[in-house]
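K.L.:
First to last, the protein sequences are chains A and B. Counting along the first sequence from 1, when you hit position 16 you're at 16 in UniProt numbering, and nothing is skipped either side. Counting along the second sequence from 1, when you hit position 93 you're at 93 in UniProt numbering, and nothing is skipped either side.
One thing to keep in mind: the hints can contain errors.
To be verified - DSSO-like, lysine-lysine: derived pairs with alpha carbons at most 30 Å apart:
| # | chain 1 | residue 1 | chain 2 | residue 2 |
| --- | --- | --- | --- | --- |
| 1 | A | K353 | B | K361 |
| 2 | B | K364 | A | K357 |
| 3 | A | K39 | A | K17 |
| 4 | A | K353 | B | K141 |
Said to hold, decoys possible - FRET-style restraints, in silico, Cβ to Cβ:
| # | chain 1 | residue 1 | chain 2 | residue 2 | range |
| --- | --- | --- | --- | --- | --- |
| 5 | A | K336 | B | K364 | 51 to 57 Å |
| 6 | A | R326 | B | K364 | 24 to 30 Å |
| 7 | B | Q425 | A | D234 | 23 to 29 Å |
| 8 | B | E492 | A | E273 | 37 to 43 Å |
| 9 | A | D234 | B | A51 | 38 to 44 Å |
No lab work stands behind these hints: they were computed from the structure. Just so you know, even glycine gets a beta-carbon here, dropped at the ideal spot from N, CA and C.
Letter by letter, the chains look like this.
Number of protein chains: 2
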Amino acid sequence: MSKSLQDNRQWNGWGDKEKSLALTPDGATFITETLGSVKPLPVATLDEVLAKVPESRLDESELYTLDTEVRLRHARGQSLPDWLAMKSGEFNLFPDAVAFPRSSEDIRILMAEAKAKGWQLIPYGGGTSVVGHITPCVGDKPVLTVSMSKMNRLIDIDRIDQIATFGAGVKGPFLESQLQAQGFTLGHFPQSFELSTLGGWVVTRSSGQQSLGYGRIENLFAGGEIETFEGKVDIPTLPASSAGPDWRQLVLGSEGHLGILTEVKVRVSRLPEEEYFGVAFMPNWEQGIACAREAIQQGLPLSMLRVSNSVETRTQLYLSATQTQRHWLAKLLSLKGVSDDKCMLVYGITGDKQANKQSYKRLKAVISQFKGVNTGQRLGKKWAHKRFAFPYLRETLWQMGYAIDTLETATNWSNIAPLTQKIEQSLREGLAECDTADDSKSKVHVFSHLSHLYSDGASIYTTYLFPVSDSYDETYTRWQKLKSTTSMLIVESNGTISHQHGVGSDHAAYLIEEKGERVVNSLQSYFRSFDPEGQLNPGKLFKAIPTETIQKLTKPDQ
Amino acid sequence: MSKSLQDNRQWNGWGDKEKSLALTPDGATFITETLGSVKPLPVATLDEVLAKVPESRLDESELYTLDTEVRLRHARGQSLPDWLAMKSGEFNLFPDAVAFPRSSEDIRILMAEAKAKGWQLIPYGGGTSVVGHITPCVGDKPVLTVSMSKMNRLIDIDRIDQIATFGAGVKGPFLESQLQAQGFTLGHFPQSFELSTLGGWVVTRSSGQQSLGYGRIENLFAGGEIETFEGKVDIPTLPASSAGPDWRQLVLGSEGHLGILTEVKVRVSRLPEEEYFGVAFMPNWEQGIACAREAIQQGLPLSMLRVSNSVETRTQLYLSATQTQRHWLAKLLSLKGVSDDKCMLVYGITGDKQANKQSYKRLKAVISQFKGVNTGQRLGKKWAHKRFAFPYLRETLWQMGYAIDTLETATNWSNIAPLTQKIEQSLREGLAECDTADDSKSKVHVFSHLSHLYSDGASIYTTYLFPVSDSYDETYTRWQKLKSTTSMLIVESNGTISHQHGVGSDHAAYLIEEKGERVVNSLQSYFRSFDPEGQLNPGKLFKAIPTETIQKLTKPDQ
């Protein structure tokens, strides 16, 4: 039953197995010329991996399935370590069972069992985490993964309050189609939109591509219900309150530590009268940043603004445009003074037609002020068409022998250019010491864009590609080197360890540098008061800290 | 030294003692006809109260002053119980000393002393709390009130990041004049603006009149520094983050329980090209609510929208317009079909001139859609001129024998009309059982407006006036009856116990109904982990709960 639903899902990579994103011939040449030709690593077959799944430590039960393939399919997310595990077949970690609850009552029963028997409990949404949110943790406790996939109904739309209630396991497309059929939208479009779930968006503090217009999930999450080890907690849908700390803010980013979010109430908007995306080219990265900052600080009512740096722009054009198209674009832009360092700026305009006209006029003025060239909606349509397709490129590149991953952060405007430069340099030079024998293998192709803008800063989203090594182990080691060095650099340079992906296990080590030890320990203790034995998604968000430290922190009078 | 600075401050009431707000003769008649003539209660003199201030339980020290008048002037806020205490002279509670630190270093020293010696510590901003935030708590611990009045400097404006850093004790006018001189504004204008402080706004989750445009303090508070019993905690100014729960959200609404906020960094906006306020009249309350909801859910970019119900509208017109003005307004409106039930709607339009034009046009269309009559800017200017003056009316009415207080909440749109009706009825009939002998004394004049709007709901701000009784005690008893019955009704009817005033001591009893016992206890335990002995502003935000309960909650393994 549960298997058939997942049949279209790639078992060892991203997304729908029927879908793919091919490179243009030019794109393939560009990548190969940039990173050298590489021999891909061998990929394990499903049968090989199935044979390696160990016996479950749990007994048969009606509450969950012990089916080997189901366990395998819920063992890993989409982080690079997850990806290497899936491709090599060395999963190592599997849940002992997977439950598919259909109601809050089912979840209460599962939680009571888990609590009584000391199991680890991992809430599972779309399985799209890129930072290890749903990967089981090493340990002697049996692991029960709770898939929310059956709790995906639209429960209610209140047209007066503009609040919609969904089962937390609802995925992006189903959520939007239900809302749009009734004239509303949530407007939350993370790149993982096709697969990720509303509950996952909330507990990881996700952000959609159009957060500039619709707000981050913090703004959209109105309330709902969460099942804890001590029973259900109702989160009221107050539009605003000054009655002490806002508890919703502790659910947001809790990453499973409070319990399982079952129903989520969200603030929806009416469908806009008009929405379109357009593209401009700025003469260079500095002007691109300045243009974005000016637009936002002027308070221009856009729904999106992204600026790619010149390497990202060049890469994108190679990957998605033909030589003729690139030629004519270059010609057009150079006539207007924008040439080799050009930076692509993608904007979204959403709302009332008359207001949109005004916004568009003002945006064009800002683009001109910073010597950019607006090319209008043609390329914007192309962007919108492919907005959720980029993750499929990972497979295409993998088959060519390249690993691809991303790092993202947010920081204040004055730190944007320096921090981007540091991040890119750290990645680009991060493998320089490896492979002195084979220089080609130390190459890393790095590019960035600003994806989410705020009055006081922006997010930086950096993509990096590097050739796989001769073995999975060595590839992992190289990734780890790039990831750890650059992550530490980010938090030491006033960036957040994550603007939109969350903490999971991969970022847990950096949280203390960002928030300070006292704050991190206090938050961990807070969650422990809901989960005394640390059974809820252990090893995520926080590094394991010794039990005696927790006890000390939570016993105020000693 | 500290005394001279406060010389202009009313010692037993609101604001600047040179300022007042007189009633028009018609206004006075209206109130008297509505509530009957009353004999005011006698008001204690400053000398009488000074004679009652008990000896301090603290020794002389350079760290603070024991001056009797200074202690008296920091003993009470502006809640109705505070007001009755100040007018009767029965303060009962005084801080034992008041400190005026000039630096974070000073605060560290004060906190170390307080911690070592077991004092209560009350952070004091503008002393404008209307819910008992700064009133000392009964108990055997000496009370040190820490006035932030000397830590009020503009420390930095970062023009690139649009972040300004202030000492937490800065008051509204000084903050805005400093920012506006440099082309920026915070845009945070609570009614207490003239006296309240930035630090106070943050720790009580305050909201300004134009939060629709500029955001609540949650949106404006970027970071800063807080001194805790365990040292300083830096709160980084990240524009956004998905790295676990956002700790700023635990500072917001902490009401002194974490420590003392010393430096506050805020997100500022550029001064708008144009700003104006206008007034329209809607035919009745239902149409007023519907118009406000439509404007907000359409996403109209206004900086303010308030709608008074018909009693508030009538009262306002009596209090502020002449008979001739009222006559002509009534004539004009009735020609357009708006008559006795008319509801005043005040709007604020802020921004780029061209965009404003568009917003104004759209707003007028919405007003027409709901059969309202827009009268333009004339009355809007009048509103803006008096926007911070209303609290001075309390003194004027007091001298006539009337007590005035407010209750405020927020709830979802579908609950706005029913909840307003319940609140008003509860207040209007709340004294019906008292004074059967003297029926006039059971009258309560009640009116409401929506002051802050959100896509999913609005705040309801209800004002009530009632005649004082023959004694202060009886007046207090009557107030308590109105307050407690109506507060419980609010939280039982899906309203928050406070949209903008905070919890303090007056609302602490209702928090559990709103957030649930588990959540409230967990938050209290959280703060206790920063303040094991409960020395920081005790009795505020949370009801005192038995120490053994706290211990149980914070010892996860028992």
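K.L.:
Indicate, hint by hint, whether the structure satisfies it.
P.N.:
Do the hints match the structure? See the list:
| no. | hint | result |
| --- | --- | --- |
| 1 | A:K353 / B:K361 | 13 Å, holds |
| 2 | B:K364 / A:K357 | 19 Å, holds |
| 3 | A:K39 / A:K17 | 23 Å, holds |
| 4 | A:K353 / B:K141 | 64 Å, violated |
| 5 | A:K336 / B:K364: 51 to 57 Å | 40 Å, violated |
| 6 | A:R326 / B:K364: 24 to 30 Å | 49 Å, violated |
| 7 | B:Q425 / A:D234: 23 to 29 Å | 27 Å, holds |
| 8 | B:E492 / A:E273: 37 to 43 Å | 40 Å, holds |
| 9 | A:D234 / B:A51: 38 to 44 Å | 52 Å, violated |
Checked against the numbered hints above, the structure violates hints 4, 5, 6 and 9; every other hint is satisfied.
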